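Colleague: Here the numbering used here is used: the first residue of the sequence shown is 1485, the next is one more, and so on.
Worth flagging that the hints you see were computed from the coordinates, not collected in a lab. The reader is advised that the hints may include incorrect statements.
[What the hints assert, rightly or not] List of simulated lysine-lysine pairs, DSS-like, C-alpha gap at most 30 Å:
#1 Lys1540 with Lys1698
#2 Lys2467 with Lys2510
#3 Lys2356 with Lys2238
#4 Lys1664 with Lys1540
#5 Lys2538 with Lys2560
#6 Lys2563 with Lys2224
#7 Lys2070 with Lys2020
#8 Lys2020 with Lys2467
#9 Lys2472 with Lys2538
#10 Lys2472 with Lys2563
#11 Lys2020 with Lys2560
#12 Lys2560 with Lys2467
#13 Lys2362 with Lys2238
#14 Lys2563 with Lys2020
#15 Lys2058 with Lys2020
#16 Lys2356 with Lys2310
#17 Lys2467 with Lys2563
#18 Lys2058 with Lys2070
#19 Lys2472 with Lys2020
#20 Lys2437 with Lys2467
#21 Lys2224 with Lys2472
#22 Lys2020 with Lys2510
No experiment lies behind these values; they were computed from the predicted model shown.
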Amino acid sequence: MIYNQFYTTTAMHHRTYIMSFHPIRILLFAAIMAVLAFPAATAQNNDTGVYVDPTKSDRDFRTRLNMAGNNVETIINNFGTIGSGNASINQAGVWPRGTGHGHLHEMTGWVTSRVDMPNGGRQVIVSNGYGDSQSNVQDPETGVEWKFHPKPGYYDPTIDNPRIANQLDPNTWPDSWPGKDASWDGQWNGFFGLNQFNADQEAYYVMDDYWNRKFQFYPNANDSSKRGLGMQVSVRLFQWSQALANNIMFMLYEVTNTGTTSYSFNMNDNPIFFGGYTDVNPSGAGATDDAAAFNRMENIVYGWSATGVGLWNQFREIPPGYIGWKFLQSPGISTDGIDNDGDGLIDESQESPAGEYVFGPCGIYDDPQFRWEGDENCNWNPLTDDVGSDGIGPLDPNWPGPDPDGTEGNGRPDQGEPNFGRLDNAESDQIGLTSFFAPLFGTVLISDEESMWNRMQPGFFDIPQQAVNQYWIFGSGPFELQPGQTERFSTCFVFGANENEMFRNAQVAQRIYDADYRFARPPLPPRLQAIPGDGKVVLVWDEVAEFSFDPIYGFDFEGYRVIKATDPRFRDAKDITDALGTPRFKVSIAQYDLINDLTGPHPLQLGEEIGAPTGIHYYMGNDTGLRHYYIDEDVINGREYYYAVVSYDHGYYDDFFERGISQIENSFNISPSESPASITLENGVITRFDPNTAAARPNTQPTDVDEGRIDTDSQNRITRSEGYTTGQVQAITVAQDLLKDLTYELTFEQEETKTSVEYATSTYSLTDSEGNILIDREPVPRTLANVYSNNWTHELLDEGFVLIFNNRRPTLSNTQLTSGWTSDSKTNLRTSIELFPYDPPIIWPINVVIEVFDPTGEPVDSSFRTTTGRVKDPVWFKVYEEGSEENVNFIFNSQGTTPGVIDTTNSINLVFRNQPTDSRYTYSWTIRFLTPTRADGTTLPPEQVIPPQPGDKFILRAEVPFSERDKFVFRTSSTQPSGETGKDLLDKIRVVPNPYVAATITESRPFLSGRGERRIEFRNLPARSKIRIYTASGVFVRQIETDMGVAVWNLRTKDDLEAAFGLYFYHVEAEGIGEKVGKFAIIN
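Produce the complete structure using the sequences and hints provided.
Modeller: Below, the structure is given as structure tokens:
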């Protein structure tokens, strides 16, 4: 049984509580869902739930996207292509990401048929999006290419730099989706449904061949304006960043016949084929050393550089590696009475309705059983899959409620639900790959329909030539495609450093496909902010990742890793490689994980779950506890740094349920997944940061500004204004600009443990001087042993600081080490600290002073003779609590010496009444006074013994936890002008570097070609400054203004010309302070 789970959290704080969702609750949920009934909504959806969009395509809506959700980076276009030919050199099929090593020139999917023409004869028509100049033909009247074009409505064209809709960038989503009701407005239209983020990156668009008017064929008898073959194609591309899958990119095509023409699997009756056409460059654009091979068993063609040398200019030390193009899914034939895919089922179809509940076969997937007729492989589960046609259920975040069409909780499978129909790849009687050929470059153009047709015939499999420039072309068909019917085909590109690695990645791709594209999903990426300071960068991130839900493994978040680089591609962050030398992860500069006893290397090797272990185990952390900030002080002012904070899950292993690490029982073992993190560059320019990435450039602050601060001591400790705790609290500044002019008050509560004097700190609270309650009786976190922790952190990032608590808990050994006579005491008696031998002993958290008075005067206190407390004896010493000076009850045993006076062999027992109704007091600490000894351990003679003298003090120092008696008060000050003026401020101004010699370390280098950034900084400026730059001859060059304390000159003049080498003068005018003139040089 799989147990689901959910989190609840308070609005203000970070504490999270886990509640298991037991089977009875699942059954209750199913019962509730079963009675939900709503009127059916109407939409132009076919039998597989695909929306047939009546809007025609429009060339003006062509756009693209740089897709970089894992280690594969590529330009994709919304007219069916990956790459744009010569317009995307080194930007298509880039692997590894960020290198500019483009392995593809251009790829397109295609649909082909040989149709009966109205005037007689037969004509091959190929609908595709390929844009290479050799096959890019246009309509002479409209100027529109005879190609696929995008349908409008599937991305937001009003944003800056419009791009294909993708799950990582909500700005790209349209306000409403074609064919979807209002509940989808502003939400992600995922392959698996409303706001379903099963992949780490998914892109989506829809296109058609409306404008393919090359031939006089009219696929729709009711609309002569529609041309081509009357095909609508929905395209989705997927990427996963999990280490096993991060070198793969998937492409899924759903092709719908929107015309009235019937296509069949009969070669003489409008036979139809799907396929792909690509110009591959394993060594880079223009290379002529393409080596290739085709493995028909694995349905993969793959290529490599015959010379092993790439043509790229950047990162030439990285070998070209291998690129594979794997065929995953073909159309199916559900009417031929043949088991085309050999799975023990005949004529299964993704278009089949649920039908009746019958006893029937399940093919190779399971034993015969009762099932719905349309669930041919018997894997639809009403308890987990009956979420309705929108694909989102009540256990998903942002569930909008039951589906308006009544499909949610209706007890039967519907299109759009997991493990059924179009979301179950096994429910198709696939015909498989039927042709492959690899012609030389320029010999078989996609616009040469007859050449294409001759080579896509079933059974045509070509052996690729070696060390040449070639195309790769897949084909699958013929099959049946009736009006309104949808069929699918999908492929993927896989990369690897060598042939073995590429085939391992291809194996992973097949498993992801076989699992209906349901793969382990990493936690959501945290939202990261980088705050630059003087000599430091502060990183702050949110906790959204901690509430991530994996559809297979539930709530499986484990921790965070912080990664740092000076390159936006993170190329200079050190790699963690597997046993085969393949980079798998980046080294982190900090790691924070849950305290759950999951430490060190993960028990499962990466790849072991698919039978291909790689010799590397993910490092899970050290039970540090979570943190949401990091202060990086290993920086150079003026240099730009790039950061990523990746969240990771705990994966799964055999004993995780028993150990309480996972709430899911009996799941499949898998190695941990971490969230993707990338910074997107196009032509060397950063165009997008993932939410968990950021850039920051530390630098000096304005010299006339006092930065915000917290009133603490040199160790960042805040002041205890009341109470007697020995615990300490530090206040650490995270963001000085967020500090306010406020006073804060920190208090605590406790709960009794074994006795009335023993307690544990249970809650803490924080208020500010404006009356705001920032922490309201927050429970102290507990350890794995379910006891209150001594050390924890509370982040108040909106206030600009964090509190670090170091609580204390008394122990016998520590009390023995820290107790003793004060340094000015005259006695030389030894002491021994003991606990009364209860089981367990009572450890009273208290600091007690025993102060000696003149024995010739009046008694100053009295001791109990026994634990009844009824008889008291006078004594000439006092026993009281340090700080409060409240008397402490005690029993004094004088052992035959002078009564009431401390001497050797005496002892003092500290006692307390455990309950007000107790008839006797209870023992705790015992202080014994012993004869002093020499260094060799022998006792001193009586004449050398110095008994306690008046004024001597013995202090019992037991650690005291935070309690309701304690209060800490501290003040914060906001950033504000210092009021300092004069020449001293101006004397601090510096030009860096000076002289400037060709380049400087502070210049960013995200470019793939060209000179890149040039940079001279004027540092230590007052807040409001103007800098004017002149040549040595007095010619005005440029004016720069700043209020940040630093001004940057890019070595270009006011006319945007490059500055010449030579001597320059600068003139600084600081508002309200004065002026300064200086000089610097630029040297060739």
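Colleague: Next, verify each hint and record whether it holds.
Modeller: To see whether the hints hold, each was checked on the structure:
no.	hint	in the structure
1	Lys1540 with Lys1698	holds (17 Å)
2	Lys2467 with Lys2510	holds (16 Å)
3	Lys2356 with Lys2238	holds (28 Å)
4	Lys1664 with Lys1540	holds (18 Å)
5	Lys2538 with Lys2560	holds (21 Å)
6	Lys2563 with Lys2224	violated (39 Å)
7	Lys2070 with Lys2020	holds (22 Å)
8	Lys2020 with Lys2467	holds (27 Å)
9	Lys2472 with Lys2538	holds (27 Å)
10	Lys2472 with Lys2563	holds (14 Å)
11	Lys2020 with Lys2560	holds (28 Å)
12	Lys2560 with Lys2467	holds (9 Å)
13	Lys2362 with Lys2238	holds (28 Å)
14	Lys2563 with Lys2020	holds (28 Å)
15	Lys2058 with Lys2020	holds (21 Å)
16	Lys2356 with Lys2310	holds (28 Å)
17	Lys2467 with Lys2563	holds (17 Å)
18	Lys2058 with Lys2070	holds (6 Å)
19	Lys2472 with Lys2020	holds (20 Å)
20	Lys2437 with Lys2467	violated (57 Å)
21	Lys2224 with Lys2472	holds (28 Å)
22	Lys2020 with Lys2510	holds (26 Å)
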